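Keeping the supplied structure of chain R fixed, place chains V, A, D, P, W, B and Y upon it in accordance with the hints.
Protein chains: 8
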Amino acid sequence: MFDERVITRAIVETYLEEFRTIVDLDVAVVGSGPSGLVAARELAKRGYRVAVFEKRLSVGGGLWGGGMLMNRIVVQESARPVLEEFGVRTREYAPGVYVAHSVETVAALVYGALQAGAYVFNGVAMEDVVVRDGRVAGLVLNWGAVHAAGLHVDPLAIHSRAVLDATGHEAEVVRKLAAKNGVSLTVSGERSMWADRGEEETVALTGEVYPGLFASGMAATNVYGGHRMGPIFGGMLLSGVRAAELIAEALGS
Amino acid sequence: MFDERVITRAIVETYLEEFRTIVDLDVAVVGSGPSGLVAARELAKRGYRVAVFEKRLSVGGGLWGGGMLMNRIVVQESARPVLEEFGVRTREYAPGVYVAHSVETVAALVYGALQAGAYVFNGVAMEDVVVRDGRVAGLVLNWGAVHAAGLHVDPLAIHSRAVLDATGHEAEVVRKLAAKNGVSLTVSGERSMWADRGEEETVALTGEVYPGLFASGMAATNVYGGHRMGPIFGGMLLSGVRAAELIAEALGS
Amino acid sequence: MFDERVITRAIVETYLEEFRTIVDLDVAVVGSGPSGLVAARELAKRGYRVAVFEKRLSVGGGLWGGGMLMNRIVVQESARPVLEEFGVRTREYAPGVYVAHSVETVAALVYGALQAGAYVFNGVAMEDVVVRDGRVAGLVLNWGAVHAAGLHVDPLAIHSRAVLDATGHEAEVVRKLAAKNGVSLTVSGERSMWADRGEEETVALTGEVYPGLFASGMAATNVYGGHRMGPIFGGMLLSGVRAAELIAEALGS
Amino acid sequence: MFDERVITRAIVETYLEEFRTIVDLDVAVVGSGPSGLVAARELAKRGYRVAVFEKRLSVGGGLWGGGMLMNRIVVQESARPVLEEFGVRTREYAPGVYVAHSVETVAALVYGALQAGAYVFNGVAMEDVVVRDGRVAGLVLNWGAVHAAGLHVDPLAIHSRAVLDATGHEAEVVRKLAAKNGVSLTVSGERSMWADRGEEETVALTGEVYPGLFASGMAATNVYGGHRMGPIFGGMLLSGVRAAELIAEALGS
Amino acid sequence: MFDERVITRAIVETYLEEFRTIVDLDVAVVGSGPSGLVAARELAKRGYRVAVFEKRLSVGGGLWGGGMLMNRIVVQESARPVLEEFGVRTREYAPGVYVAHSVETVAALVYGALQAGAYVFNGVAMEDVVVRDGRVAGLVLNWGAVHAAGLHVDPLAIHSRAVLDATGHEAEVVRKLAAKNGVSLTVSGERSMWADRGEEETVALTGEVYPGLFASGMAATNVYGGHRMGPIFGGMLLSGVRAAELIAEALGS
Amino acid sequence: MFDERVITRAIVETYLEEFRTIVDLDVAVVGSGPSGLVAARELAKRGYRVAVFEKRLSVGGGLWGGGMLMNRIVVQESARPVLEEFGVRTREYAPGVYVAHSVETVAALVYGALQAGAYVFNGVAMEDVVVRDGRVAGLVLNWGAVHAAGLHVDPLAIHSRAVLDATGHEAEVVRKLAAKNGVSLTVSGERSMWADRGEEETVALTGEVYPGLFASGMAATNVYGGHRMGPIFGGMLLSGVRAAELIAEALGS
Amino acid sequence: MFDERVITRAIVETYLEEFRTIVDLDVAVVGSGPSGLVAARELAKRGYRVAVFEKRLSVGGGLWGGGMLMNRIVVQESARPVLEEFGVRTREYAPGVYVAHSVETVAALVYGALQAGAYVFNGVAMEDVVVRDGRVAGLVLNWGAVHAAGLHVDPLAIHSRAVLDATGHEAEVVRKLAAKNGVSLTVSGERSMWADRGEEETVALTGEVYPGLFASGMAATNVYGGHRMGPIFGGMLLSGVRAAELIAEALGS
Amino acid sequence: MFDERVITRAIVETYLEEFRTIVDLDVAVVGSGPSGLVAARELAKRGYRVAVFEKRLSVGGGLWGGGMLMNRIVVQESARPVLEEFGVRTREYAPGVYVAHSVETVAALVYGALQAGAYVFNGVAMEDVVVRDGRVAGLVLNWGAVHAAGLHVDPLAIHSRAVLDATGHEAEVVRKLAAKNGVSLTVSGERSMWADRGEEETVALTGEVYPGLFASGMAATNVYGGHRMGPIFGGMLLSGVRAAELIAEALGS
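Chains as they are written, first to last, in UniProt numbering: chain R, 1 to 253; chain V, 1 to 253; chain A, 1 to 253; chain D, 1 to 253; chain P, 1 to 253; chain W, 1 to 253; chain B, 1 to 253; chain Y, 1 to 253.
Since the hints were made in silico from the structure, they are not lab data. Predicted model only: the values in this text are computed from it and were never measured. Note that CB positions come from ideal geometry on N, CA and C, so glycine has one too. A few of these clues could be false.
Here's a subset of chain P near chain D, in silico, CB distances under 8 Å, partners left out [stated by the list, open to error]:
#1 4
#2 9
#3 11
#4 12
#5 16
#6 19
#7 23
#8 89
#9 92
#10 94
#11 148
#12 149
#13 157
#14 158
#15 159
#16 161
Result set (DMTMM-like, lysine to aspartate or glutamate): computed pairs, CA atoms no more than 20 Å apart in a straight line [stated by the list, open to error]:
#17 W:180 x B:249
#18 P:180 x A:172
#19 D:180 x W:200
#20 R:180 x Y:196
#21 V:180 x D:84
#22 A:180 x R:196
Isolated chain R (complex conformation) (with noise of 0.2 Å):
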């Protein structure tokens, strides 16, 4: 027979331990769109103790709801092969031109994050970073439920040789460092839509954009101000695997 404190003990104590382990991080990973979880799961698959933090209870970010609501999304030849590593069905509508459930891709790229070793903190929200010595070197953490129901309760802290901030739009880390530190760091914001642009510029903005702080898909180009590009997610794919790159190039080994 099952009984209600075996269940509170198995949840609390595995979650605990996770969380004790995670207190020291090769790269933590805020947000939880395409670019954070292909960057977590390449950092996985190459052996560094990666964690994603998502403030919202749900992954994915703005991919559920596809274009106006109609759940798919397009790829092109390019980016093809990462949906397919993952297991992403892909419909070719026009020469070079794929479509895919946008639904189905949440879900593959998440999962695949998670087999690859990485974790996920899904409702956990970044509140600051932690800084040494003109280096980011962790994060500042708070439930996302704390956050939303407008509550003053104090953070906790962790330690990470990288951050990378995948938080969209947003770019929220950038942004936070930069109010509170003094940085002259701005975050330029995304032009308006130049699909073909954008797709580009996402990839060639991703990297370093201060000493232990990374930046991928929509929060590099908003930091740099390259152009946005709608439903189409071959760049931000790509912008994952190059910011994966460029930190293993960081950490070494």
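Same frame as chain R, now just chains V, A, D, P, W, B and Y:
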């Protein structure tokens, strides 16, 4: 080069094609929690045309937050095979007590349902049912965004040979049917927690509550006044399996 | 007998067919107040493919309430012919001062635009513009309901040879273009009321504010800092006529 | 030159003159959806003094959004002549199934009612009825803005020989009458969707529900528990025609 | 016997007659706190056509609550005669320190202003000013309920030879004028509390801030950065007297 | 020179002295609309210790807005003397139909009550009654601000030989008494409008509804189900006079 | 030097250790007002494992605000020893009437309970009870923040040999038990104020309301319909003492 | 027997007596977090007349929730004596790292401050300061409920020889002083987290920021841009001690 017009047309046309298809369903599942997704997969595997409708953008319902925001759930030995079939990893916490990651569970369940051929319409809310000669014969749908924004917009309707209410505690389809048609169906509401008993009841109570309308998971429990059980999900998963069996039986081939 | 499936298919298919058509426009009008509707009709009559996008479900903007909820508006002699062409009845209150019913005016303007062949997409919001090589080349659209509900859903985009900002006091298109692209366009805001002067200015200020982007009515007044004029609408109507002329000139046949 | 004082006086005086006129009506129509506007036009054509009261600024109710925001509606062969009389274009989608633009329909209906001589008071809410010796004898009115702002302001009242409840699903006038006067009138509420049957019922149920008070369209359906029918509007239009006939009969010349 | 139609007509006609009258004013007072009501009474006594506009339904502004909800206010010896002229009872608390009931004060001030012949329009908000050749020449008005309900409705305008900003801390008229017309008028905001000095300053700072626009009471204090003074009202009362003198001087007979 | 400490002490001490006094009342009037203020004045004139409690900061209830924001009210010949006694000017609109300014009426009524010796506590809400041996024996009070802010703060109580419910449509005191004490008192609610009959009923229904508790004005009408009457106030005024007579009779000298 | 990781681990681990402990309780107290805290201390002193659950972050319930925000409470001679045992200073206002500072009272009560060995879980809400064979056997808990934010997250459950409902006016545990389990327990609600009688009743009514579930303080009063008593707290304190005695008796050693 | 009138008088009179006393203070502490309460106790022990003002009903600020709702805080060796002096139990987690219960800490701090003779006014908000000749000389106060309810009510003021801003992150007193008086004081805001350094800075930065105005704890950190430190409170406690020393020095005996 990528043109925004192509992206727009690709999304609109593939979505529309699917929407046109589901105007005629074998089974319409309302709600995307565990019992609904399991049932959808089972039915799709048997060749039925089945679609899941979820009013929120993200699927998974209350599964994401585990217990008190600690993203873990518990399942018993008897239900572990269901999780394994979907590819969800479990870990034995105590004899016969398995723990799984709540995010991995959501991702795997919806991914599995989609891969089996079920349709998933997120962001689409059930507003009412279609009734024909004393039988539930379809659903009245609207955008979840229209409801969330409090707008007054007419819905659209589809036909379905069977409808499964997998909306959890609310038992929304049953309530709507009862409230609007003078049907003597009362939603008793769940009883206070008794995990052990609740797990058994949720499977036993799964069934057809009105011609054409079935209930599974917490919806079934709430219709008949079973006990709630908290973050243990074996009963939910098995209820989904059971609902699929009963619906298949009712529909015939 | 009438089947719900036929109704659903009839609506979905005719709407989507039209949506597919307007992915390529000659002129996209944002806002459905008097200057936008007049311009749309003039352009449609000349054979251009023109669509009006209105974020609210109802068109007409601030026209409905007349002055302080008294549903009447005033026009001058010079603008009365425009109202008459649309079939709006006017009554002379004083020499050269005509009064019309505000509800009749909205109804006749939108009816006239539709009959002339313009497309009207109500409930669809402009979220951004498409920019191509220093030129406004289209619109980024989303459901108004998505914005009203505060959801995070990707938009879709269309192309248009010209865009008309007829969003009234907000000059939303101009503001969006300026805010996101480092364009040195400032929306000066309207000056306090001077009915007489405001009426002249709104026509005089109507024009192209950036390659591919025109402004009419109060949007034009707000971009250049003209005077507001209250519930007198001659200037608005004539500004719509003027905008159509200037756009036609710019587009050529 | 145009003087703001003249504009103000023109609006205030023409509105107030009309307001003074409608203190004594033949028919007060509450609600500006299709059945209300059709009835108003029919009655005005027959020479009755009729006014439509709409609490929102815009008229048309739920018509604007078509089905799920796709701005189209459907009508049957039998009701198409009504739309044609108002000048609404229809297109045959399938044999006997016609599609119209929802915005064109709203515009044409209200324009037609006004041209026929009906008064339209938008932004004015029904707050209660006037009852005299067991008979509805008028309306108690207030600004819709006063209600929306939650202010406590006394209403004003007018007299009317007949009142038509065309408030749609809410059946607001019937509810108000029943709730406040111990009248044994219950609003049964609509039944779940059955388009075919609902269309017939809405016309059949149109009629006098209490001395002096008539109900049409969805209000009639809701009073007597007919089926809802979704975005097909033939029944609504014919119900308006029927309501006008019955009221004319009741009033005599 | 009393007929509702007579009541309606009595109210509509007497209000309208007054509204028509005030389209042309000598002085428009915005705000119904102590300085505005005192000024209105003084000006009405001298024969000017003066009207007070108050956006809320109740007049009196912040006077009602006394100090921290204790409904008393304090005045000095020098200002006591003003209160006495209005019939407000005072009681000496300490030498030269008089206490009055805050509710009695509001009631007496507005009663006195009305009896002297001033018009009072409560529930009517100033939305903007009328500017003519570098001079404030009137007000743009709307229902307070329209603003409170967030509706988009055009205002109406009136002319006035002088306008008095008696809106208290907000100095709303001055702010509106400055914000919309590029006028180099800044509202400095009040300084922290210094009761003694604030009392003197509020009278000294009362005056014409722009051709045609005067400020009194806390509005004057806020324009020029004087000290706030809390629940002592001598300065307010004397500022109203002073404003009336200055306006009378400016207008001539 | 004026010192903030003196101002603070003056207000706190005079208010508290009065608060201490009213812990023992002859009559506690809840609500500050016309019937409450008239009754308070009549009772104070006869020498009773009477206090009016109003939860809002401003007194006067729904009187301010006249009819549909047009600040006028109507009274009949029979009630005009009451207004005149308070110094309210009236103007004859039709034989026996008098119009008064709604703002002047509020001001004069509260001024008159205060001058006659009644206490007025605005911003103080009735939270409950004090019951002693089957008799209403006092009031339970709290700051209106505490209720408005949704705070959980204990109230304070006072004793009173009689309580008058003058809270208007809500009949708040009667409802509270009935809801909390198993008293078989139902508030029937007002009937729809019939001005003529309502005017008579409101006076006739004024009286003691429970030992120690009287009701006047719309509260009396609502307790017994009389007709509402709109912006005509003769009945209200005469009901206040009647309530005072009945209470005086009940209390004896 | 201090490392953020150590701080995080210190907090997480000590909290978890305590959470794991309270999965098995002797007594679970819901609500942290005076009767709950007094009972918790008495029970802890006797050696029982007792925990207090409070949904808000701060404990003390409605005690903080004293009477109408004046931070004082009153106790009688009989209850003064309880306050003194906690170290709360009292001052005699009249014979047998003692006044204490409300903030000092909250602080001393919770400090005393903690020092005696009771556990206090603030920010943790009771969501339901655990029922086993007709007996309350535990609590279903969730973060208060999850409820405040309106999130849908599963709770966790604990076992307890007895549960004390000390939730005040709401009697939340009793209501939840009754509403969900068909138990014929009605919460009568408190009667209007009678301080004297209420003080006696609250102690007399303290007791076991259902097998395993006790009620104290205002919860007991509300279950059985006793009188409310306002800011006098002797009854509350003595009710806590009484509840502890009865629970100890029921549990045995 | 207990009479409600006695309870009311007891509370009103004892509160008033205290309110009258604190119109003249030596030190006014704004905010009731750890540094404010420690400073208040130290100053009271030295014989100064000191009062703490807290806008919320409950004191303790952000202390209650510990870290991420786990109700524990950390202190270092150096600050442990402060906690011990207040009677807070600590437990050594690691060498030099002590853990305390957050609820016990709040309770003990405020209890200690009160016992030492400090006044505590909860539910009372600082609205502004009193400035006299370039020196902060007092506070402008209002009910927290008045602010929370958004009411417009005048405040009351008191005098104080020194004011301590202990409002935490907001540094509310400093901001108010700077914003309203043209004082060149900028609140730099805290830097991102660096626990070790933040702990030292908060003590070092404690001091007089403007004649008569001191800042402690996070308010001091925010004024000068020190690092935030999370749920470690040694620096806060020592900052309170330091503030008391500096204020005592400034005031002399």
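Each hint tested on the structure:
Here the hint on residue 4 (chain P) is kept, as its CB sits about 4 Å from the closest CB of chain D, short of 8 Å. Proximity of residue 9 (chain P) to chain D holds as hinted, the smallest CB-CB distance being about 6 Å (cut-off 8 Å). Interface restraint check: residue 11 (chain P) against chain D, minimum CB-CB distance 7 Å, threshold 8 Å, status holds. Restraint check, residue 12 (chain P) versus chain D: the minimum CB separation of about 6 Å is within 8 Å; hint holds.
Using the Cβ-Cβ criterion of 8 Å, the hint placing residue 16 (chain P) at the interface with chain D is satisfied: the shortest such distance is roughly 5 Å. For the restraint placing residue 19 (chain P) at the interface with chain D, the shortest Cβ-Cβ distance is roughly 6 Å, inside the 8 Å limit, so the hint holds. Because the closest C-beta pair between residue 23 (chain P) and chain D is about 5 Å apart, less than 8 Å, the hint holds. Of the supplied interface hints, the one on residue 89 (chain P) is violated, with its beta-carbon coming no nearer than about 30 Å to a beta-carbon of chain D, more than 8 Å.
Using the Cβ-Cβ criterion of 8 Å, the hint placing residue 92 (chain P) at the interface with chain D is not satisfied: the shortest such distance is roughly 38 Å. For residue 94 (chain P), the interface hint is violated, since its Cβ never comes within 8 Å of a Cβ in chain D; the closest pair sits about 40 Å apart. Interface restraint check: residue 148 (chain P) against chain D, minimum CB-CB distance 4 Å, threshold 8 Å, status holds. With 8 Å as the threshold, the beta carbon of residue 149 (chain P) comes within range of chain D, its nearest partner Cβ sitting at about 4 Å, so the hint holds.
Among the interface hints, the one on residue 157 (chain P) holds; its C-beta lies about 4 Å from the nearest C-beta in chain D, closer than the 8 Å criterion. Hint status for residue 158 (chain P): holds, given a least beta-carbon distance of 6 Å to chain D, under 8 Å. For residue 159 (chain P), the interface hint holds, since its Cβ comes within 8 Å of a Cβ in chain D; the closest pair sits about 6 Å apart. A distance limit of 8 Å between C-beta atoms decides the matter here; for residue 161 (chain P) the minimum to chain D is near 13 Å, and the interface restraint is violated.
For the proposed pair residue 180 (chain W) and residue 249 (chain B), the alpha carbon gap of about 33 Å is over 20 Å, so the pair is violated. Only pairs whose Cα atoms come within 20 Å are accepted, and residue 180 (chain P) paired with residue 172 (chain A) is accepted, the gap being roughly 18 Å. Only pairs whose Cα atoms come within 20 Å are accepted, and residue 180 (chain D) paired with residue 200 (chain W) is accepted, the gap being roughly 19 Å. About 17 Å separates the Cα atoms of residue 180 (chain R) and residue 196 (chain Y), which keeps this hinted pair within 20 Å; it holds.
Among the hinted pairs, residue 180 (chain V) with residue 84 (chain D) is inconsistent with the structure: their alpha-carbon atoms are about 34 Å apart, more than 20 Å. For the hint linking residue 180 (chain A) to residue 196 (chain R), the alpha-carbon distance of about 17 Å falls within 20 Å, and the restraint holds.
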